[in-house]
Amino acid sequence: MLFIKKKKKILNYFLKYADVLVKILSLPCMIFIIYGVISSLFFVKMDIQQKDAFRIIYVHVPSAYMSIFIYVIMGVMSILYLTFKDEIFNIIAYSSVEIGAVFTFIALCTGSIWGKPMWGTWWIWDARLTSELILLFLYLGYLGLRKAIMNDFIASKSCAILNLLGLINIPIIHYSVEWWYTLHQKATLSSRPTIEIEMLYPLLAMILGFFLFYVLIVIISVKNEILIKKNIIDC
Amino acid sequence: MKKNAAFVILYRDIILYMRNSSEFFSIFLFFVMITSLFFFILSEETIFFKKIGVCVIWINVLLSMTLSLDSLFKLDYNYGISEQLILSPFSLSFLIFLKIIALWISIFFPMTILAPIIGLLFGLSFHEACILFFSLLLGTPTLTVIGIIGVTLTLVLYRGGVLLTILILPLYIPVLIFGVSSVLFFIDGGLPFGHFSILLSLLILVFLIGPFIISSSLRVSCYL
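Protein chains in written order, with our numbering: chain S, 1 to 235; chain D, 236 to 459.
I should point out that these hints are in silico values taken from the structure, not numbers from a laboratory. One or more hints might be untrue.
Unchecked claim - List of simulated lysine to aspartate or glutamate pairs, DMTMM-like, C-alpha gap at most 25 Å:
1. LYS309/D with GLU98/S
2. LYS285/D with ASP126/S
3. LYS85/S with GLU318/D
4. LYS286/D with ASP126/S
5. LYS229/S with ASP126/S
6. LYS309/D with ASP248/D
What the hints assert, rightly or not - If you want a taste of the chain S side facing chain D, the calculated C-beta under 7 Å gives, among others:
7. ALA127
8. PHE137
9. LEU138
10. GLY141
11. LEU143
12. ILE149
13. ILE154
14. LYS157
15. SER158
16. ILE161
17. LEU162
18. PRO171
C-beta atoms are modelled at their ideal positions from N, C-alpha and C, and glycine is treated no differently.
Model the full assembly from the supplied sequences, consistent with the hints where possible.
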């Protein structure tokens, strides 16, 4: 609580520009997602082998990307919080957790919906799937620890340490398709993408849209957190 | 002076664990009981009886570890000994390192000896039991360090047991994978030196960074 009084400047600065940022970012976010959805559902040609089922990639891949990306962002924020002890990093990390958990859940769900007709099974214990599931557990563990500890200072510090520990899982997820022989296919997007250009653009649009969506939600929830903390101090 | 302090901490911890015999034996009893429950479920005609046995033993070691860690480390915190450790002139990570060693020697080393003996009941041959012993020997110190990290993170909670398992079980998975697969690999007829070297490297890594993480989280939990 003391930190907020000391470093009120950054938080006030944030509060001032949060609404403007939301307004600026919401338009491109909407455009990207609408373009991605419409073109992926109607304009992209059907895949020869997978028929229409492959279209789920346009939700699955962006959410899987986001699930990893958000955890990395949280890790960076935790490092910054532990070194600079600035409250804003802690708040950003804390408000990203739930979004990250939801994205992970979506990635797992859409993956298994796709897997039933393609692989013939909802779930298989291969490296990519298992490590993604572990990521979900890490998110939930963070959330559980955060909610369980009443003291705000101890909770945020402990969660930051836990978050840094969980970062070990990130390279495992990323390289799991290369290190182990798995059922999950190799990365589609790389320096030389293995996907038709026509299919690629909607996918990139969806990824950008999901990213902007995450930024939007984080800005809104960080603003909420700051307002709540301020109210506690004022009362 | 430093040597003396190290000796005192090691001696005190080991003696404490030994004298707290009900706690001490209940862990082993838990381990043996829960493993023997599996004999009732599985019949020996089950195809992979041996292999399932290895998995069961590893999982049970892990579970009894997680259950025991919470109560053991919490005593120190409740009696204010953690604060004394932080205030002492020696480096906290060094003292934590000693405490990890003491915990492992007094509880988990006996368990690594006990586990292969139970493995014999699952029909492992002598050599396979030896491999199981070595995999546990390389794996349990890593598990101890990771477990203590989880314990120090949840020290402030009145009942941190369930949350503790949620926090640390995901981090146990790599050790579990390589520990179990080393024995399974040997049963299939290979020599698991690769698995052992990975386990050993995990152990070294965890012992290098673990004490620092534990000491910082202990400082947080003690508000210092």
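Could you tell me which of the hints above the structure violates, numbers in ascending order?
1, 5, 7, 11, 18
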